[in-house]
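Protein chains in written order, with this note's numbering: chain A, 11 to 363; chain B, 1134 to 1259.
Just so you know, the hints here were simulated from the structure itself, not pulled from any lab data. What you are looking at is a predicted structure, and each value in this text was computed from that prediction instead of being measured. Any given hint could be a false lead.
Stated by the list, open to error - In the DSSO-like style, the derived pairs of lysine-lysine whose C-alpha atoms are separated by at most 27 Å in a straight line are: (1) Lys275/A with Lys237/A; (2) Lys1231/B with Lys307/A; (3) Lys87/A with Lys203/A; (4) Lys1137/B with Lys275/A.
To be verified - Here are some chain A residues the structure puts well away from chain B; computed CB gaps all over 12 Å: (5) Phe69; (6) Arg71; (7) Asp188; (8) Arg361.
Where a beta carbon is used, it is the ideal one built from N, C-alpha and C, also for glycine.
Take a look at the letters that make up each chain.
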Amino acid sequence: MSNRTYPHELLEGMSLKNGWRVVQRLAKPEAGTGGTFSFGYIAERSDGQRGYLKALDFFSRLPEADDPARALEPLLKAFNFERDLLARCRANRLSRVVTPLDDGAVTIPNVPGPSTVQYIIFELAEGDVRTQMARADELDVAWGLRSLHQMAVGLEQLHSINVAHQDLKPSNVLLFDDLKSSKLADLGRAAAKGEEPPHYHLPVAGDCGYAPPELLYAAEPRSWEAKRFGCDAYLLGSMIASLFTTVAMTPLIMMGLASRFHWRKWAGSYEEVLPYVRAAFADAVSYVADEFPTDFKPDLTEALQQLCEPDPSLRGHPKDRPLRGGNSYSLQRYVSKFNLLATMAEFRFVRRK
Amino acid sequence: MPSKLGNLIRRTRRAQSLSLRELARRIGKSSAYLVSLELSEDLPGAAEETLAALASELGLDPDVLLALAGKTPERFAPRSATDIALYRLIRELPSARKEELKAQLEREVRSGQRGSRRRKGVGDDR
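Given these sequences and hints, build the entire structure.
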């Protein structure tokens, strides 16, 4: 990218529609897995509400492109897909998904070339799960379980409108209300049934450091539900590992595999490598389970085993298998279980005080 | 496959009921680093000071951790052809003979240190 300044970098101090004003430019973010590039700002409305403004960058990479018109097409498609998805989430009042407060476009004066910047303003979070994970020497178990419960609710809400998140990881879970309330953010890699965003055909839509093994080994399940909802189920299980060890399930599994079986080196089929992956998975589960508080160990270990099962046909709660007429990847039982565990941990915390 | 070093650290940590986060905090490293040290086949770069801190927290012999990490402390690196020759010869010995030699050398070094202190008047109250 060249060193020139682009319009999306110049919003600080601008007045926007609906009484919004851009008050502060944030540190330059790195490109996320979302594929679109953006700049972050703090915006404030005349009534005092503050929001996180994401200014989309469609133009800075175009001079490097051989065919700028073609290069622009997927960026616009991805942005419009995410915007429409967010509108659906807002219309369906998904309480555990970060939805936009406003969106629009603003023209920056005295800038040569294209000078209109598209933006979305979201609720302003106080941090993400990484903040809390890094802050505590010992994980606050009640907080961790409540956060896990709220993540499961967020995924269930998305699944109820046939949307899979596909990129659940600590940086995509934002915290509100004194860090007590968790919501899912960044639908840039989501999938909506019946729609084909630019990342639709990628074997791994989200971050490879978190992705389920079947996708890393290019063994995509045939059905939309198994590929998309199955991925979300795995990522929810992986959040259990992240909360208690700060490391996701995928690297924990990969560390237990001989290097020739690692997904970056393996040239055979997933069926052939699966026994080795499952053995490494069993070791990883046992490693993570050692970090669980004794009282919650059996329940958390069982949830981790079921949600992160490397064979997608066996993933999820056994009582929800298709043979039993269920949706294998339904998260309902985990919503209930995590709620119960969180309530127990909260109750103990209050009694200790 | 975890390394021998990783296995030893994990086993000792668990025996002392120390959580990942707690041990990581005590040695001034991240939990992710400690996970990698305990589980990874390819050891992440472990500085001598980190291994010394781990040994001190876990009550392990720092030399054992250094040996398992394949590290020679800078101050013990061979400085002459004689050092290298001695090292090569000692490696050829059977384990039992190595232990005998170690004990013998330790006695010689200790008596040498006592002799040196006496000559310097260390501990002399007069």
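A quick look at each hint next to the structure:
Between Lys275/A and Lys237/A the CA atoms are separated by roughly 22 Å; this keeps the pair inside 27 Å, and the hint holds. Between the alpha carbons of Lys1231/B and Lys307/A the distance comes to roughly 46 Å, so the proposed pair goes past 27 Å and is violated. Restraint check: the Cα-Cα separation between Lys87/A and Lys203/A comes to about 16 Å, which is no more than 27 Å; the hinted pair holds. The suggested pairing of Lys1137/B with Lys275/A holds, with an alpha-carbon distance near 24 Å, which does not exceed 27 Å.
Against chain B, the non-interface label of Phe69/A holds: every CB pair exceeds 12 Å, the least being about 37 Å. In this structure Arg71/A is separated from chain B by more than 12 Å, as the shortest Cβ-Cβ distance comes to about 31 Å. The beta carbon of Asp188/A sits about 22 Å from the closest Cβ of chain B, which is more than 12 Å, so the claim that it is off the interface holds. Every CB of chain B is more than 12 Å from the CB of Arg361/A (nearest about 22 Å), matching its label as outside the interface.
Checked against the numbered hints given earlier, this structure breaks only hint 2.
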